[in-house]
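A.B. asks: Turn these sequences into a full structure, and let the hints steer you where they fit.
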Amino acid sequence: MLRVHLLKEVREQSRTLGIALLALPVLALGFGLLAPGNLVPTDIVEWFVLGALVLGLVLLGSDLVPGEGRRGQLDFLVRTPGALRASFVAKSIVLVGGLGTFALFGLLAGLLCDGLAGTRPDDVFPPVAMVPEAAWRSSTGLDDLPTSLVVWSLVLLVPWTLATSCWLKRSSSVLPMTLALLALLVVPHLLLVERYPVPLGEHLLPVGLGLAASTGMLSAWRSYVPGLRFGRSGRTLKLGLSTALLFAVPALAWSAERVHRWHHVDPREERVSLRPGVLAADGRTMLLRLQRHWENHGPSYVARIDLGTGEWSQLGSAWSSVNASGHLDLFGPIHGRYRPQAWATWTQGSGPRGRDDLEFHALDLCHDRVLPIDPANPRLAEVMADLVASAPERPLLRLPDGSRAWLEPGQVVLSTPDGRREDIAWPEGYRPVQLTGFGIRFAPLPSAHGTDVRDVQILDLSRRTFLSPEDALLFRYVRAGDWLLVTWGPTGNGDGQVCRVERVDPETGVRTALTLDGRERPLGMAGDGRLLLRDSSGRARLFEPETDRRELLPLVPDLRLADQDIPRRRDEQSLTTPDGREIWPLRLADRGDAFARRDGDVLTVTHVDTGGEDVELAAIPDDDHVLVIRGMRRLERWEFGSDRAEVLFSTGTD
Amino acid sequence: MDDFRVDPAAHTPPSVQIVEHLLDALSTGRFAAGDKLPSVRSLAVDVLVNPNTVAKAYAELERQGVVAGRNGSGVYVTAEGPDHARSLRRASTLQDFVRTTAAALRAGHDAEALRLALVESSNQASRSTDTHCETPQGANHR
Amino acid sequence: MTDRTVLHAVDLGRRFGKHVALRGVDLELAPGRVTALLGANGAGKSTLLRLAVGLLQPQTGSLRVLGLDSCRDAETLRQRIGYVPDRPDAPGALTVDELCRFAAAHYRRWDATRVDELIDRLEVPRRQRFRTLSKGQAMGAMLVLALGHDPELLLLDEPFGGLDPLVREEVLRCVLDAWRGDERTILCATHELELAARIADDVAILAEGALCAHASVEDLLGTDAPGDLPRGLHAALVRATRTSPSHAETPHLETVPC
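Protein sequences, first through last, are from chains H, F and A. Reading the first sequence from the start, the letters are residues 1 to 654 in our numbering. Reading the second sequence from the start, the letters are residues 1 to 142 in our numbering. Reading the third sequence from the start, the letters are residues 1 to 258 in our numbering.
Here are some of the chain A residues that sit facing chain F, going by a computed Cβ distance under 10 Å: (1) 33; (2) 173; (3) 179; (4) 193; (5) 197; (6) 217; (7) 228.
For lysine-lysine, the following DSBU-like pairs were computed, each having C-alpha atoms within a straight-line distance of at most 35 Å: (8) H:238 with A:18; (9) H:169 with H:238; (10) F:36 with F:56; (11) H:169 with A:135; (12) A:18 with H:169; (13) A:18 with A:135.
These are computed hints drawn from the structure, not numbers from a lab. Every residue, glycine too, gets a C-beta built ideally from N, C-alpha and C.
C.D. replies: Take a look at the structure:
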């Protein structure tokens with residue numbers, strides 16, 4: 001049955017095919033011989049193939065169905081039992097085969113023209129690209145233009161041309177109608193993805209296009225076989241369009257849903273983790289970062305959480321991040337209590353030339369206002385000035401001699417107790433990244449070539465000089481006049497931990513090892529320059545390198561420190577309560593991570609049993625509490641000297 | 001068969017035309033007793049008329065006893081068919097003749113001329129009856 | 001309606017835009033009858049035939065053909081119906097032989113021997129492309145295509161239009177030859193009364209989309225005027241047209257019996 005239909009189609013199209021296929025070599029000959037060589041573009045072959053395909057679609061594709069009406073033989077097909085089905089298959093085959101022939105002739109004509117013009121005959125359009133299999137070879141589909149463009153446009157245009165040609169009487173309106181319809185089907189998705197960048201899965205594009213193509217085939221089939229049952233009528237259009245909509249509406253809904261889901265996080269989702277953010281000045285609200293694990297690389301979101309009620313709302317869209325201190329440490333330390341805050345949102349890869357698009361916002365949490373930070377906004381300058389003005393009250397660092405140090409854009413400011421102010425400019429091309437005892441570590445600004453992590457400058461605040469020793473990365477603490485080099489961690493052969501404390505003479509570079517008991521571990525540097533140690537029996541002691549004296553610092557209640565590493569910390573500096581008391585992250589035996597507040601000669605400890613869960617300090621809201629994130633899922637309030645854990649907010653379903 | 005076609009525009013209905021035509025054919029001996037008449041369909045195709053009309057004509061002939069259907073195999077001329085046909089034709093043609101003669105006399109022909117014409121036709125008819133192969137002249141034409 | 005009713009239309013109606021092509025047609029065709037469908041141009045003859053072959057959907061009423069729904073069972077039905085449209089519409093690029101192969105591939109009961117006979121009889125050139133055939137040859141080919149699958153119902157739409165006298169006679173012979181007693185019913189739309197008078201057992205008259213008469217020729221003309229059928233038909237046609245709902249305001253006027 002198919003054979004007679006193929007015979008019929010080929011007979012009917014033979015003249016079109018003949019004329020067009022004759023015209024292509026003639027055009028190639030003419031163009032190749034007459035046009036000056038420099039006018040023939042190097043990709044002339046591709047152009048010929050594309051041109052031949054367009055010609056094929058116009059001459060062949062758009063006339064396959066309207067031609068039946070024009071020749072007045074549509075009724076014959078309609079009333080011959082089973083003829084519509086067979087003729088649809090035949091027409092599809094003839095269209096695909098015909099376009100293939102057009103492409104082949106376009107290729108030959110292009111090669112002819114290219115050869116005649118004498119330009120780059122080696123730059124041959126691969127004939128294999130004409131085979132649809134080539135489409136599946138490239139996973140993302142549109143990587144290597146125009147091969148896949150040709151293939152995909154064929155895959156899309158063939159079925160949709162067949163579909164629209166069933167609806168239209170005039171073959172000349174078929175191609176514009178097809179293009180318009182495809183635009184209607186595809187453009188909303190493109191707009192969605194363009195407006196709200198969503199990472200497309202690797203196979204999403206081929207799958208989507210494949211779906212559009214197969215829907216096109218279905219729509220063509222519905223338009224043709226049942227659609228033409230009573231000749232060309234409103235029914236044809238109705239059936240064809242409804243099939244198209246059957247695809248378009250769910251696909252668009254899916255697209256929109258995906259975009260919406262991508263840009264809106266729900267903390268109750270299973271795979272959302274909590275990361276620390278910033279606490280409002282009044283202590284009632286907090287900005288937290290929600291990290292979503294989405295196909296292995298999730299975006300982060302910013303949520304504002306009411307600590308009293310647990311209510312939350314999302315700020316910004318995907319790839320937003322709250323980062324109060326990260327913006328060049330301008331706004332103070334990460335853990336602590338903040339005044340009007342700023343956060344940055346950035347959207348991955350949507351900026352010019354695919355770079356990240358950074359957008360800064362200032363948030364006045366006390367007045368509940370969000371201010372976009374852009375250079376033209378006068379409020380930005382106010383916020384910055386406000387932050388700079390408040391810096392002396394909340395210094396980054398207090399030195400043992402009573403001096404205070406803070407950061408201002410481009411400089412470190414030292415203020416001595418007698419009111420003298422000293423400005424030390426940042427080294428050019430560096431930014432402050434970390435406190436190291438009484439020093440500030442500077443790292444190179446990020447550059448396109450990447451940065452050398454060993455390239456470190458340390459500002460010794462007591463001597464006001466920059467140091468750049470070769471092993472500066474290993475320095476944990478710098479204190480007045482000399483350096484303490486503290487190294488700890490697992491040994492290379494895995495049989496224990498290494499711990500070394502050395503004094504370094506800044507003048508000569510001579511290092512002197514200090515003796516530590518085999519099981520003593522340094523926990524950090526106190527505000528007076530002494531090292532906090534865990535001794536062999538799990539007690540805390542303050543160690544003075546000058547005198548080699550160890551002073552017991554009792555824990556309240558009386559608990560033992562774990563014979564393990566100290567908890568993970570953002571930086572190595574000591575933390576303070578709003579009234580200036582030091583806070584230490586510790587690890588307790590049998591209880592897990594905890595925090596200790598130094599109250600004179602004792603350490604008041606929080607002693608919640610964490611059951612081995614990871615604990616991260618989120619903020620210090622007042623003098624008696626810390627806010628922690630436990631297991632990356634729950635925001636809890638812990639009280640010093642107590643084992644109470646009050647859950648303020650949690651993610652996931654539990 | 002010959003060039004006979006039913007004339008739907010004639011005053012006689014088509015089935016009667018076929019009956020007369022077949023009676024003519026029987027009376028001139030083109031169908032002898034026991035001959036099979038053409039099938040309804042082939043006669044219909046030949047005389048260009050609806051086969052049901054032919055079937056009706058056959059039924060009329062059968063009613064008159066000229067032909068008889070033999071279950072399924074066709075329609076055959078009965079033994080008395082030709083004679084019967086001739087007598088039927090005689091009756092109807094005599095009426096026609098009387099009517100035509102009256103019309104001719106009214107038109108001004110004298111009786112002698114009509115008599116001569118009759119003798120002439122009679123001589124011709126007897127010649128052709130001798131050979132038993134020709135249809136009498138004018139039998140089919142009106 | 002009996003079980004053997006070949007075509008049964010009840011209140012059949014169809015319009016095209018504002019133009020009412022058929023209205024309230026009630027028609028029953030008994031098997032084995034040859035019915036001439038008479039009416040002026042635009043009276044709805046073609047519409048009725050196209051409805052019967054399932055090329056159109058009725059908008060009002062119902063239409064059952066050979067006991068099946070004309071639309072829902074169109075595919076089955078078309079295996080049993082032969083249809084000759086008023087204009088030859090077979091694919092012009094194929095030769096007559098190829099057209100026969102084409103049809104043979106689609107009709108289960110295609111009889112190639114019979115088709116060869118018909119082609120010879122109608123003197124249709126076998127190796128000539130359909131679109132190059134003369135009008136008479138093309139009509140012959142269409143008739144062959146309509147008869148090749150031994151249809152139970154033959155629908156003819158003006159099969160004699162525009163044919164020269166000799167071809168017309170051959171086509172007429174073919175139509176008559178197509179008769180199969182009760183096995184085949186023929187509905188032939190025509191406006192040529194002489195031909196209608198030759199072939200028809202029954203006559204159905206359409207005027208302005210309404211069925212004005214449907215009766216056997218004898219009943220229609222009456223026993224008092226047995227002769228000159230074409231003139232009788234003409235008179236009937238004129239009567240029908242006069243009493244037709246030509247100026248009717250309502251589209252669904254009751255069928256006027258003639």
